[in-house]
Amino acid sequence: MSTVATESDYIGKLAAKFRTCPATGLKVDLAAERLIKANAVAAVVFLAIGGTFGLLVALTRWPAVHLLSSDMFYLVLTAHGLDVLLLWIIFFEMAILYFASAVILSSRIAAPRWGWVGFALMVVGGLMTNVAVLQGDSSVMFTSYVPLKAQPHFYLGLILFAVGALIGCFIFLGTLVIAKEEKTYEGSIPLVTFGALTACIIAVFTIASGAIILVPTFLWSVGYIANIDTLTYKLVWWAMGHSSQQINVSAHVAVWYLIAAVTVGAKPLSEKVSRTAFLLYIFFLQLASAHHLLVEPGLSSEWKIVNTSYMMYLAVLGSMIHGMTVPGSIEAAQRKSGYTRGVFEWLRKAPWGNPAFAGMFLSLVMFGFLGGITGVILGTEQLNIIMHNTLYVPGHFHATVVTGTTLAFMAVTYLVVPLIFQRQIIWPKLARLQPYLFGFGAAGISLFMMGAGTLGVARRHWDISFADALLPYGYPPMASLMMGLNGLSAILAATGGALYVLITVGSILFGKKVDETNAVASLGPMPKKVVREAVTKYGNAGTWHLPGTYVLVGIFFTTFILYYFVNWKYLSELWPMQ
Amino acid sequence: MAEKPKPESAAAPLERIPFMQRLLDNPFLLLFIGVVVPTVIYILWGVMEITQIPLAK
Chain G
49 MSTVATESDY IGKLAAKFRT CPATGLKVDL AAERLIKANA VAAVVFLAIG GTFGLLVALT
109 RWPAVHLLSS DMFYLVLTAH GLDVLLLWII FFEMAILYFA SAVILSSRIA APRWGWVGFA
169 LMVVGGLMTN VAVLQGDSSV MFTSYVPLKA QPHFYLGLIL FAVGALIGCF IFLGTLVIAK
229 EEKTYEGSIP LVTFGALTAC IIAVFTIASG AIILVPTFLW SVGYIANIDT LTYKLVWWAM
289 GHSSQQINVS AHVAVWYLIA AVTVGAKPLS EKVSRTAFLL YIFFLQLASA HHLLVEPGLS
349 SEWKIVNTSY MMYLAVLGSM IHGMTVPGSI EAAQRKSGYT RGVFEWLRKA PWGNPAFAGM
409 FLSLVMFGFL GGITGVILGT EQLNIIMHNT LYVPGHFHAT VVTGTTLAFM AVTYLVVPLI
469 FQRQIIWPKL ARLQPYLFGF GAAGISLFMM GAGTLGVARR HWDISFADAL LPYGYPPMAS
529 LMMGLNGLSA ILAATGGALY VLITVGSILF GKKVDETNAV ASLGPMPKKV VREAVTKYGN
589 AGTWHLPGTY VLVGIFFTTF ILYYFVNWKY LSELWPMQ
Chain H
10 MAEKPKPESA AAPLERIPFM QRLLDNPFLL LFIGVVVPTV IYILWGVMEI TQIPLAK
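As given, the protein sequences belong to chains G and H, one line each in that order. The first sequence runs 49 to 626 under our numbering. The second sequence runs 10 to 66 under our numbering.
The shape of chain G in the complex, shown without the other chains (with noise of 0.2 Å):
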């Protein structure tokens, strides 16, 4: 039996072919790094898609624009939900599981042809889904929920994907396995890898409840199943509608961790401390989901508030710790690079030309102000009453799936465009400008809607103006401009979105080869210039001198404290009381 296992270690490392990076001295291996292009570049293509429909829905819902018929509306609508809620993110955190396992690592990816079958799944179940619903009998919304059915290849496609993406998450640990046995590394593995861990682990348990609720779904629109309960459905779907996007709260939190490790070579705080958060997500954070179920009558108010006041607030405590150790880790890299002076020096001498760390920081900002503290408001049962399926609802969500994730995203390819494509970044000074157009745009989205949504405004609505109804209903005007105003937000977030898109992939077509000469300098503007210790070792930063920190933390809580009481406020006067 030895001697098998380890002519099978032999075999599987002679196997493996590895390049040394340049930039960080990383033994990468060639199979994970196909892996990490595949991925990457299919969720680029998704995004791409995905987003043009995505500013269609913005201009239909600018009542002075209008644009799509009904039809259209629901159909781009479905598609946009699909292509950049599910497509672009799991495909892009596919790309980070493998990077964040065997780059980081410096290990061999484990079954890199599974990954591959994998990767065909997801793209051919991406693919199915998308002609679906383009055929024009599937504008079911990226819910789904049942009665409304959809052609079988809808749901068929979901399932692929979602086994494919499956496929991934268990090369994500089996990759851990192969590290830790051919001692790859020493110790505990590193926070990055530890919060990738976190995501493949909540990927794991959306994936489970999407096959067992798609799975009868899928017999049902076939014909073999004659109904699915409606309630069950929802709670079921919502196991994995909302904790997908729990892994991307993962992921996105891992990726600050490795930018600013990057660009700043910033130690976290506490490795306890942060890992403990992380821990917090692994129990809680898919609770939230009961949050889409807080006005169902089925449902007890106990399970509505253990599941979500009183187990989501474990979890809003681990995003609050993460939200505190990023700037705070920043931070004090910055000190002990001499930025010492008052309390800000550190941030303003940070590397904002540098579109990774300009990108990361603003997702960090707009994460926690517009996504968190909304998340917070849309969990409590008494105050979700206000906005429940309201246009605050989607609002909420592009501010921590669109300014927090996908802008996080973006600026962790300006660090893969040079590490994993080997390719500098075209256009510089475009990319500087790039994550301020996108995240400011994708602010104006949240706030608008979220604006809207607190005037009543219904979410998945194709008219606001309700001109063909037959009882006629109206907002108040400034719903209208609301609406106007995310139409315009729109426009910039699409600019911003297309630049990536160009620059991103112009970078791989044309960019000038990576090389040992420019390897460092390819990664933008970045004060030190050693980045491999702070992303793959064990460590803390030793110091918990971090004025400027607790007066951004000191902000943050004043700004959620008020914003939660002018909820309870408005609450009160919905419902006066004499």
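Calculated from the structure, these hints are not laboratory results. Do not take every clue at face value.
[Unchecked claim] Think about it this way: if two alpha-carbon atoms lie no more than 25 Å apart in a straight line, the pair counts; the simulated SDA-like pairs of lysine to any residue are:
#1 K320/G / M29/H
#2 K231/G / V56/H
#3 K320/G / P264/G
#4 K197/G / V56/H
[Unchecked claim] Stretches of chain G that chain H covers, calculated by requiring three or more beta carbons in the stretch to come under 8 Å of a beta carbon on chain H:
#5 236-245
#6 278-289
#7 327-338
[Unchecked claim] Selected chain G positions facing chain H (in silico; Cβ < 8 Å):
#8 L74
#9 L224
#10 L347
#11 S348
#12 W351
#13 I353
#14 V354
#15 N355
#16 S357
Glycine residues also receive a C-beta, built at the ideal position from the N, C-alpha and C atoms.
With the hints as your guide, set chain H onto chain G.
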């Protein structure tokens, strides 16, 4: 007669790894927890409540 020197590992007993670190260093235990907790608290409890809703007559 000179005493035989003890091997280094016997002279310095291994330091006990704290429970939290053992938990955080075990990806498959974390995977188990991360799947079981939401399955029980969110899905199973939720499905049990739905099955107890009386049928309309």
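- prompt: Taken at face value, is the distance from the CA of P264/G to the CA of K320/G at most 25 Å?
  reply: With Cα atoms ~42 Å apart, K320/G and P264/G exceed 25 Å; violated.
task: Could you check if I353/G really has its C-beta closer than 8 Å to a C-beta on chain H?
output: This hint is violated: I353/G lies away from chain H, its Cβ roughly 12 Å from the closest one there, beyond 8 Å.
field: Satisfaction of hint between V56/H and K197/G, Cα-Cα up to 25 Å
entry: Distance ~22 Å between K197/G and V56/H Cα, so the pair holds.
- request: Verify the interface restraint on S357/G: the C-beta must sit less than 8 Å from at least one C-beta of chain H.
  value: Violated - the Cβ of S357/G stays beyond 8 Å from chain H, reaching only about 13 Å at its closest.
- prompt: Holds or violated: K231/G with V56/H, Cα cutoff 25 Å?
  reply: The given pair, whose Cα atoms are some 44 Å apart, is violated under the 25 Å limit.
- prompt: Against chain H, with CB atoms and a cut of 8 Å, does the hint on L224/G hold up?
  reply: Holds - the Cβ of L224/G comes within 8 Å of chain H, reaching about 6 Å at its closest.
- request: May I ask you to test the interface hint for V354/G with respect to chain H, counting a Cβ-Cβ separation under 8 Å as satisfied?
  value: holds, 7 Å
task: Three residues minimum, CB to CB under 8 Å: does the stretch 278-289 of chain G make the cut for coverage by chain H? Let me know.
output: holds (count 5)
message: W351/G was flagged as interface toward chain H. Is the shortest Cβ-Cβ separation under 8 Å?
response: holds, 6 Å
Hint check, L74/G versus chain H [nearest Cβ-Cβ separation less than 8 Å]: violated, 21 Å
- prompt: Mind checking, does the stretch 327-338 of chain G have 3 or more residues with a CB under 8 Å from chain H?
  reply: With 8 residues closer than 8 Å to chain H, the stretch 327-338 of chain G meets the three-residue bar; holds.
field: Claimed coverage, the stretch 236-245 of chain G by chain H - three or more beta carbons nearer than 8 Å
entry: Three-residue rule met by the stretch 236-245 of chain G, so holds; n is 4.
The structure shown violates the earlier hints numbered 2, 3, 8, 13 and 16.
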